[in-house]
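As you go down the protein sequences, you meet chains A and B in turn.
First residue of the first sequence: 1, per our numbering; consecutive thereafter.
First residue of the second sequence: 1, per our numbering; consecutive thereafter.
Worth flagging that the hints you see were computed from the coordinates, not collected in a lab.
Keep in mind that the hints are not guaranteed to be accurate.
To be verified - If you want a taste of the chain B side facing chain A, the calculated C-beta under 7 Å gives, among others:
hint, residue
1, E501
2, V609
3, P643
4, G644
5, R850
6, G853
Ideal Cβ placement from N, Cα and C applies to all residues, glycine included.
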Amino acid sequence: METYVILRRAGWRTADDLAAAAERSTTEGERMPDDVAWIRSYVLEELDGSVGTVCVYQASSPEAIRRHATAADLPVDEIVKVADTVIVRTDPAPVAA
Amino acid sequence: MAIIESARIGALLERDELLDGLRTALADARAGHGALLLVGGEAGVGKTSATRLFFEEADRDAIGLWGSCDPLATPPPLGPFLEIVEGAPAGLSDAVDADSGAHAVAMALLAAGQRGLPLLLVLEDVHWADEATLDVLRVLGRRAGGTRTLAIATYRDDELERDHPLRVLLGDLATSEGVRRQRVERLSAAAVVRMAEGHDVDPAALYRRTSGNPFYVTEALAAGGDDVPATVRDAVLARVARLGPHATAVVEAVSIAPPSLDAGSILAVVGEASESIDECLASGVLRTDDGGIAFRHELARVAVEESISPARRLAMHRSVLLALTDSPRARSDVARVAHHAEQADDREAVLRFAPAAAAEAARRGAYREAAAQYARALRFGDDLSPGDRADLLEGRSRACYLADDQTEAIQVIREAILCRQAQGAPLEEARALTELTDYLWCRGYNGEADEAVARASQLAAGLPERRAHAYVFHTQALEALGRGDLEASLEHARRALELGERFGDETIAGHARVTIAGIHARGDLEQGIDLLEDAVESARRQGEHEVAARGLNSLVFRGIDWKRHDLVARYIDDAVEYCTEHTEDLWRINVLAVAARWALDRGRWDDAVGYANAVLDDPRESPWTHHEALCVLALVRTRRGDPGAREALADAIVVGVPREEEFAHVDLAAARAEVAWYERALDDVDAATAVMLSSELADPTAVVRLQLWRRLAGLESDTGVDSPGPFGLGLAGRWQEAADEWAEASCPYEAALALSQTDDVEALRQAHAECLRLGARPLATVVARKLRESGARDVPRGPRAATRANEAELTPRELEVLGLVADGLRNADIAERLFLSTRTVDHHVSAIRRKLGARTRGEAVAAAGRLGLLEDR
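With the hints as extra help, turn the sequences into a complete structure.
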């Protein structure tokens, strides 16, 4: 499994839409545990008032990420492979929490 | 008896979960949801004991059949099924008796439970199964889901090395709905304590040493004494040592003749000592088996066999061989006799029985075993006449080829050709050369293959016509086809057909029909298609699976030639389906690789990835298909802007294809150029194209195709090449015309790429829309920038996956399946209705869900309703 960053810009109209998508994402992810593992996501406040995400996944291939996205009805703008990870500080507490 | 009692307790302890699983599976089978249940566990852990308990318990609820695989290095083909013929329903015993292959046996097994009681089939120790038996399991795994058959297969899961054939099978079946798995675990300390009750042994020490392996525990208890033996082997031998000398002789005789030895043969081997058989049975070391006397466990047999000195073992094998040669078993179980013949170092017997065993194995589709039996005969065949040796070599070569060991097949057939020369048999030599040609073509060694064809036709010319001539003519027909000389090819194929029919050889006649029909289809698709479909149909009826598979592949190629994409989609489905059902694996991955490229060209990238991954998941040796799949994968990635394109190309280079497969090297060079172009690595575009262009390329289109990438990259390119077709138009800078030709050829991405090179705002807008539809992000970005630079406004951003999914392009078969899903049918019912395996239907349904962006069957039906896909029914 390799690590990838996935950009899903302005993918949802509201935070509620995104929450529903996150649920579908989890369900579909559990169906293909050998191919994708969702690590974490940052939710983006888009200029047009919509919501987007930057997601970190581990996956067996970029095609597996697309298969997962299609199954869970998630948009994909761009998939970038992660070459290395530098962690300076742990993530701040979730904003919405 | 205490020992047998403790064994029985051991079998029952901590097996509730397993037994419940088995019971549920049988209840499901009764309700029409059969399964292949794989029961794994280490040797001696009690797989058989627990299964046996369940089997006896289910006696009145099912038709019970029990078969075991033999621990012989080269087991008899379909061995476990030969054992169960007695007492089996009529259709099944007929299928096994009649020299049937795996498919017929599996279908008979699935049919046997459909009326009255369900069928419960147990196959023990399938890690030793021959190839044909594994093929039966493969079909059962794919199809049992919709039947009333429960097949239970036990196997040692700790002894499957990476390339073990059973491991390959388990991988193939990983996603089949009708396959379940259970694992038998070792016993807990508490269970071992219970088994040790009434014995003078420290239960804690017993558990420590045996780790809770029930067989080891039982043997240690049976060995008696206070100490627990250090190994299973010690425990077994300590137990045997408690027997009298006569009984020991009996045990040793039985140990060298797996799976069992009949009383008559025991008498022949040990003489009067055979009176002690009863003592052995009473002690629990041996048990009676259908065929005679056997060990209670294979671990015990191996321990005893290994304890016998080599000289004594040789003498005993000679006695067993003598006893078996005179018995009726010599005919019915030649594989076993051949085993003893080799162990007895009896050349004459090996040369008599091993080829017979090989022929039987090949007839039943156990090619790996057939190849091993021929090898066994050849080990003793140094002094044979060249003709006899060539017979064996040819048999081995064919078996290796069919068992997917092409390298060995080529080497062995070369040796056979030398023998035919030494023999002075030119027609047989020509026939062997046609085999060599087949194998060489399969690997892409076309130059050598063409030489072999020339030599074969030279040899056969002027000799009185025999069956072999049909093969020589057909090989000539294929060679002419490769050169593009259709007239010569047709002529040769017609002669092959005539001779094949005259000598009653349906295989070569069928191949000739496919070749002739394929040539007609090049000139006139409609007429050729009818002929091809007839040829496929007649091959299907006659069970000529390879001919049918080749014909189905040919339909795909011709459909692509004629750009009849509606037909191609259906033919790809048909070909993949048929080849999967009949384990024509090389033809299956061939058509999948072709389908991957076809889907890529159509802009159906999800499908292209699906086909390519199906090729890459296949472990069989087939360089071109893997190479092609990796090229397609790289191009999908680069066109989407996904990572990993270079990695896929690097893998393709590692796979490698022979120099002569020029088109594959051109494909790779073009793919490398395209990937480099998107990465703006212009030096790499140069490197990828320059090497190919510096060599003499036979295909003029290839030159233009590579030159075009150089032009796009702004490198020095030879635009003076005057070539028709869209590549040539592009190279000449006539982009709009190139785009029109690409669109005409149903290549949307290439059309968009051509349009992207124009300066016309409308054309650019069209290219941009097409890129968004395809999900071609990098090209879309390039075009959008160009549009903005030329002052265009309102350049849209990318669409969402969900809207893209509405462009669903379902194949006719998928629409058919979708219709039945909408009618509320389950996959198993659909499979039955369409004469498909459940696995194939599973595959179609998930493709439908993917294309419609639906998570459930209900959503798929709803989406189809919205899109009006089901209106024409």
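### Message
Check the structure against each numbered hint from earlier and tell me which ones fail, lowest number first.
### Response
1
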